[in-house]
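K.L.:
Once you've looked at the hints, dock chains B and C against the given chain A.
One letter stands for each residue in the lines below.
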Amino acid sequence: MEFVMNEKHRLFDKMLKEFVEKEVKPIAKDVDEEERFPEETVRKMAEYGLMGIPFSEETGGSGGDMVSYMLAVMRLSQACATTGVVLSAHTSLCAWPISEYGTDAQKQKYLKPLLKGEYLGAFGLTEPDAGTDASMQKTIAVDKGDYYEISGSKFFITNAGYADIYVITALTDPEAKTRGISTFILEKDMEGFTIGKKEMKMGIRGSSTCELIMDKVKVPKTNLLGRLNKGFSVAMKTLDGGRIGIAAQAVGIAKGAIDEAYDYVKERKQFGKAIASFQNTQFTLADLETNTEAALLLTVQAALLKDQGKPFAKQAAMAKLHAAQNAMNVTTRALQLFGGYGFTREYDIERMMRDAKITEIYEGTNEAQKMVISGHMRKERG
Amino acid sequence: MKYTDGKDIFVFIEQRDNSIQPVSIELIGEAKRIAKTRNTPLQVTAVLIGDDTDDLAKEVLDYGANKVVVVDQSHLKNYDTLNYTNVLEQIIKTYHPEIFLFGGTVIGRDLAPRLSARVFTGLTADATHLAFDEDDLDSNLLYVTRPAFGGNLLATILCSDHKPQMSTIRPGVFDKPEKTDNPQGKVIAFNEHFSNDNRVEIIEKVERKVDMVAIENANIIVSAGRGVKHCLPLIKSLASIMGGEVGSSRALIDEGLIDKPHQVGQTGKNVKPSIYIACGISGAIQHTAGMEKSNRIIAINTDEQAPIFNVSDLGIIADAKAVLTHLESRLTK
Amino acid sequence: MNIIVLVKQVPDTTEMNIDKETGTLIRKGVPTIVNPDDLAGVEAALNLKESHGGKVTVLSMGPPQTASMLKELYARGVDECFLISDRAFAGSDTWATSKILSTAINMLDYDLVIAGRQAIDGDTAQVGPQVAEFLNIPQISYIESIDDYKDNTLFVSKAYETYSVKMKCKLPCLITTLSGLNTPRYMHAKHIFNMDAKEISMLTNEDLKLEKSVIGLKGSPTKVFKTSVKDVQKDTVKLRLSPEEAAQKILDTLQKEDGGQA
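Chains as they are written, first to last, in numbering that gives the first Met the number 0: chain A, 0 to 381; chain B, 0 to 332; chain C, 0 to 261.
Here chain A stands alone, though its shape is the one from the complex (with noise of 0.2 Å):
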């Protein structure tokens, strides 16, 4: 991607090296196996200036853009992807529906902080019966005059318990369906918002996925966050941003396999050889190189749109698609020229193969992309 890059996207990712292999790195193994939400490093990233990449300075953010963020995501993936997807949750979930969509008030109140990393955010779409088809929300929020009354929970939402603001979506006019779902900001200590069961997963376990559990929570009218039913365009131009942190972060993955497979057969000896002199290695690994590359660019060219200010939601949607394919390959591929070891926990590839497996569901599941990207295409041909 060296051909986008400025000088200060070389600055950034040099910072982004130095800080994944000195903070990320060598905690990730402990992050997965103890499903401990790396706290501490999220603590180091808000105060290095991540939590709020690509915002402005005078909103309170760092000042860069999406390509920086997307190198970020990436970066952190490659060690751990865990950490990578707290970012992308906070900063294209939560903070980025709010400086788009918030007022003055609501950006001062909740997106200052949340960019300075004083807070954490999360954002809440999905519900027992509502995944891939989000229209059938069921959470309502009934308007009590001077404030909102949310009821209904949400399902899988990452960073739960750990965010301080989330973003979520509940019905304001339950006839309209989709035309009848506005979005809101709740916080964490609001009255009858409690966080529920905690997922036991199979990858990115140290990332806290829990259930919203909200019970007669009371909102201020000032929360509702862009106009009254309006909510569904909000999450899904949220999901269109989204994609591009979660590619990143199926990119940084495959990245971090190919890594940890080239150091692994310059060391294996099979047959009185390093198994690096075996072509069948060698092909491989540049198939993963390739792909990787591939999908990178993907990634690279929707950040770029978004940047540009020019439509990027089926760019999006097929970087996503294709980095979290790719990942999943990548993963299994690479655990493959492990052999043996690489099945053991010894190891990290299979840690990365676990972790892999999300990209392909979160956000939009491959066959979701799929029906956005067709979507564009008979939008686009008729």
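Just so you know, the hints here were simulated from the structure itself, not pulled from any lab data.
Treat each hint with caution, since some may be false.
Between beta-carbon pairs, the in silico distance windows are [claimed, not checked]: (1) LEU240/C x GLY130/A: 53 to 61 Å; (2) LYS211/C x ALA130/B: 28 to 36 Å; (3) ARG26/C x GLY130/A: 28 to 36 Å; (4) GLU160/C x GLU200/B: 45 to 53 Å; (5) LYS237/C x GLU203/B: 35 to 43 Å.
Some but not every residue of chain B turned toward chain C, in silico, with C-beta under 10 Å [unchecked claim]: (6) LEU153; (7) THR167; (8) ILE201.
Glycine included, every Cβ here is placed at the ideal spot set by N, Cα and C.
P.N.:
Below, chains B and C alone, put in the same frame as chain A:
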């Protein structure tokens, strides 16, 4: 400075708590060795600064110095950069030394550069070899050789137009001379009065609390590199079974896996044990600079091309962990 | 407190190797880094600024490419960077380098000058003390901790070989720092993205106006007579052995060296 009547090889005698540092004695020996190689042999003059130094002056002469210039004043008891520089400046201006040698200690490396700037002359740091021109026995031009880039590049440095020719010398490189039974040298008291410059004040001396690992003195060193970072307990156990110490390449120090006092190499320690076992160390110059003088070097590495094999006596191409596991069980049997 | 930090860009000597064919150092592809002792100096300066206010200025001498390192230092939070670069300075030894640096420092306001103890490419440890002498200010080298600053006085610990000495000195003074002094901070995202606002001020000999007799190769009292690559090639016995055989071989060697102790 520039003068043409330079004479004698001057050696700075470093005393701490009225005890002469070994490197100063080593320098007397080396100065005497090279002084003899000239058609007109040079004299070796020691310079001793301190308070109540009579015994020290005698000791210096016992090791064969031709003269010892003594500056004995109460405020000079402990080393102080500014005060000692003032004294040495006057000594240089008075005696016009041809050559001035300092031990490459914390004090020598603090004092010599300041002095060289004061008297406008060149200083070569951390030399390991001194020689005069073998073809011109009348020349007093000193060829000072020092390791650079961590030891594999040797640079020979000259200071031909400025006097004195100054150098700090790495401790432990030259042998300590024998005491002479019949010291001939004389003590010269340098009586100029120096006022006390007390801009820098000593508050207190503190013994270091950190675990003092003296790998420099170890007979056997089992040293760990990146290739064995996952089996450091094994390395430690082996070192202890063999009665040796654990060494390390910089990589593991940087990763915080092993403490700094164990580091061997350019930015760590120079060691020369009788046996050095390099486990999973690739052998960058950084590392080999500090261990290549070991008596016997055994290297274990999976990479046949690893540069560590270039400096080792016995190179074993194998997985270090497996080898060491076997070695451990053989030794504990 | 106005703090000036002297910083050198150096090749990462841990990554260097010897070309066995030509017997020279392979410099190509060797990454450059901020000299570790100097980076500790920068961190110390930033910490002092954060607790006592002031400004951190970095001064570096080197080829124009050194600018990339200075940008990194901006990203770590320093306030201003000067790059001293002139062909006339090429070949300067430590004496001439110190002359040049001290002349530049004298053009700026300072209370404290910080230099790294030594550079990993030269290992001389001379520039700090020599600069202090040219500035006519006291020096404390080998600083392992900065303990306090009050009443315009700096309290530090100096590392000797086996002990430390606590010292104090009124400013202005110069200290040289050891890399173990602190853990340098990372670059900060905000500083990186705000890089356009930062400029590196260039200083040439037109600014410093130094006589040719004290700079560059000509002004350097020491000259490199020759360099040679030490022949470290040994008659290595290189063997591919099973762990059992290897362990036996090592035991044999141990016995030979240790008179059978092992």
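K.L.:
Each hint: holds or not?
P.N.:
Right, here's what the structure says about each hint:
Remark: the range hint 53 to 61 Å for LEU240/C to GLY130/A is upheld by a beta-carbon distance near 58 Å. Separated by about 31 Å at the C-beta atoms, LYS211/C and ALA130/B satisfy the suggested range of 28 to 36 Å. The supplied range of 28 to 36 Å is broken by ARG26/C and GLY130/A, whose beta-carbon atoms lie about 57 Å from each other. For the pair GLU160/C and GLU200/B, the supplied restraint of 45 to 53 Å is violated, since their beta-carbon distance comes to about 21 Å.
Under the hint 35 to 43 Å, the C-beta atoms of LYS237/C and GLU203/B, about 54 Å apart, miss the expected range. Below 10 Å, beta-carbon pairs count as interface contacts, and LEU153/B has one with chain C at about 5 Å; its hint therefore holds. Checking THR167/B against chain C by beta carbon gives a least distance of about 9 Å; that is within 10 Å, so the hint holds. At about 6 Å, the closest approach between the beta carbon of ILE201/B and any beta carbon in chain C falls short of 10 Å, and the interface hint on this residue holds.
The structure does not agree with the numbered hints 3, 4 and 5 stated previously, though it agrees with the rest.
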